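> What follows is each chain in one-letter form.
There are 2 protein chains.
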Amino acid sequence: MTPSTPPNDRFLRALRREPVDRTPVWLMRQAGRYLPEYRASRKRAGSFLAMAKNPDFACEVTLQPLARFPLDAAILFSDILTIPDAMGLELYFVEGEGPKFRHPVRDAAAIARLGVPDMETDLRYVMDAVRVIRRELDGSVPLIGFSGSPWTLACYMVEGGGSKDFARIKALALNDPAALHQLLAVNTDAVIAYLASQLAAGAQALQVFDTWGGVLSPAMYREFSLPYLERIARELPRGDGADRTPLILFGKGNAAYLDDLSRSGAEGLGCDWLVELGDAARRVGGRVALQGNLDPATLYGAPDAIRRSVRHALDSYAAGNGGSREGHVFNLGHGMSPDMDPDHVAVLVDEVHAYSAR
Amino acid sequence: MTPSTPPNDRFLRALRREPVDRTPVWLMRQAGRYLPEYRASRKRAGSFLAMAKNPDFACEVTLQPLARFPLDAAILFSDILTIPDAMGLELYFVEGEGPKFRHPVRDAAAIARLGVPDMETDLRYVMDAVRVIRRELDGSVPLIGFSGSPWTLACYMVEGGGSKDFARIKALALNDPAALHQLLAVNTDAVIAYLASQLAAGAQALQVFDTWGGVLSPAMYREFSLPYLERIARELPRGDGADRTPLILFGKGNAAYLDDLSRSGAEGLGCDWLVELGDAARRVGGRVALQGNLDPATLYGAPDAIRRSVRHALDSYAAGNGGSREGHVFNLGHGMSPDMDPDHVAVLVDEVHAYSAR
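Protein chains in written order, with this note's numbering: chain A, 4 to 361; chain H, 4 to 361.
Note that these hints are calculated values from the structure, not bench results.
Residues on chain H that point at chain A, a partial pick, calculated with CB under 10 Å: (1) LYS167; (2) ARG171; (3) GLY256; (4) TRP276; (5) PRO299; (6) SER312; (7) HIS315.
Only a predicted model underlies this, so the values are computations on that prediction, with no experimental measurement involved. Cβ coordinates follow ideal geometry from the N, Cα and C atoms, glycine included.
Please take these sequences and the hints and turn them into a complete structure.
Rendered as structure tokens:
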């Protein structure tokens, strides 16, 4: 990136629902195993966690997709589970099995012992990564910081890893809801402090991943996930007016709650592909920007099919947004997978920019 | 079951939206590994498939939950993948990995070779099981026959087994939609013939499991799943008036399509727990009966929590159905799991009957 390149602020403008020359695009998990250069970095670092905990490696892989594709935002390379790790649960990874905790939290006594980590000591490696990446981006595109949502963190903390049925945390919700609320409260305090620290370190937008909100019945979502997302949107200090740092609430399975979420005070909502984007735009009624929502599996299609699907999403958003493309950040409805073809990503990014510029 | 017991027709009456003395209840996968007697039968048979393919074993395990709990319907013990197995794909199971096919169908040429199996030869073991079970039930409760949906069968046929991202079938949908439609058409012909044969063999209600419809974007659901469900509802010959054999369309993730599905001609819709049951009742507007929709994980809760959740579902349905419990078949929103406690099932069934009788 040469110093003469003007800063690309499409992403931040779209989140403020201001006019843009073309729809901005970034992709969840855009820095990942589908890139050979990422796999090489990971090999040198030794593991995913070794990369995430080393600011130079984190910066290196954060920048890799930007060197290949004209993406409109960078996202901090990190994990959604850094907070519980810093709380003492000890995050580790088993190849092919996803994240796990050595010390899961299963009862009220264990929950009562949890505290909010200190951001500049326990999670300093994250803040250092933000600082290094901001310096290296040198204003070229905005940097997004992020966290898991209180409910999603709680899922991993109680289950001790991924789950198909979320049996343990749902049993806790049914049998001892007060204990679960205590866990969600400490998680919320920690998420707010964590995002505020990332902002102070240089993050220019913040995203909360409510990956597992969509496994809950409506009654449980409204009791155990939504109120904590709303609290973050309300309490996270992030400036005012044009200087306000936008907050994006992403949730898998959040289509039924977009109206509620659009009144939370968040600036943007990220949605999955299980809702037609135009319907999502109608539901949020111009109160927030929308990010999404292409089915990631679209990247398994041939270039023609990818271009067609991109145009469908762009047109659908505009149709639901009074004919305007304002307030749309193009993204997938979920993260990328290791077996995706980088050439297909290039097609997607190109089509978003080319079609939306017309 | 003594011959003097009057036949229990609550389930069929509820599907016709007629008054019942209490809300009928059955549970998806009610004959399953959570029962020690099931595990003993399976051990004797040698495997799941050996049980499913032997009418005496299939009958034995079908009746097991009815001996324990006052359930209002029996469901044929079988697998949703019998049709593709009979088409020559060769179903097999790997412990802990779910169903797989030895000969998946991946391209237009393989799809063109598929034909509708002969029901009374290739799938005779299923029809024999229906006949044996009907004889043994002796009119005590109705017997439900079932099939996978055309889309759900296609998922397994193309992927070759379960999938997290459905990459292969979504790529086929994007790159060669005509071939996928051909696959869905032959599956639909086969499902209609299969359900008609089960009806002829004695099944008194029929359910289609669209387990994977909910992984599709709205545009893809409306192209690749919904029209084939509608064709089954329209074309399956099942009698008229009070003699009509009811058809239930169950789908995970079908909340957004309940209005469409309620106009398909099916008598009942089964829904998962991601929709408030009262909202579902409002959406179907009395056009069909509703089956569901308790989160199966509720069975991991303590008895008090189970009773509370059952009452919530019953009250929610009635609130959305003009204050009436008519047209509700209580069920889970998905199948039971092996680690569930049979005593908790007893609590659930008891509470459905006790609370709805008030």
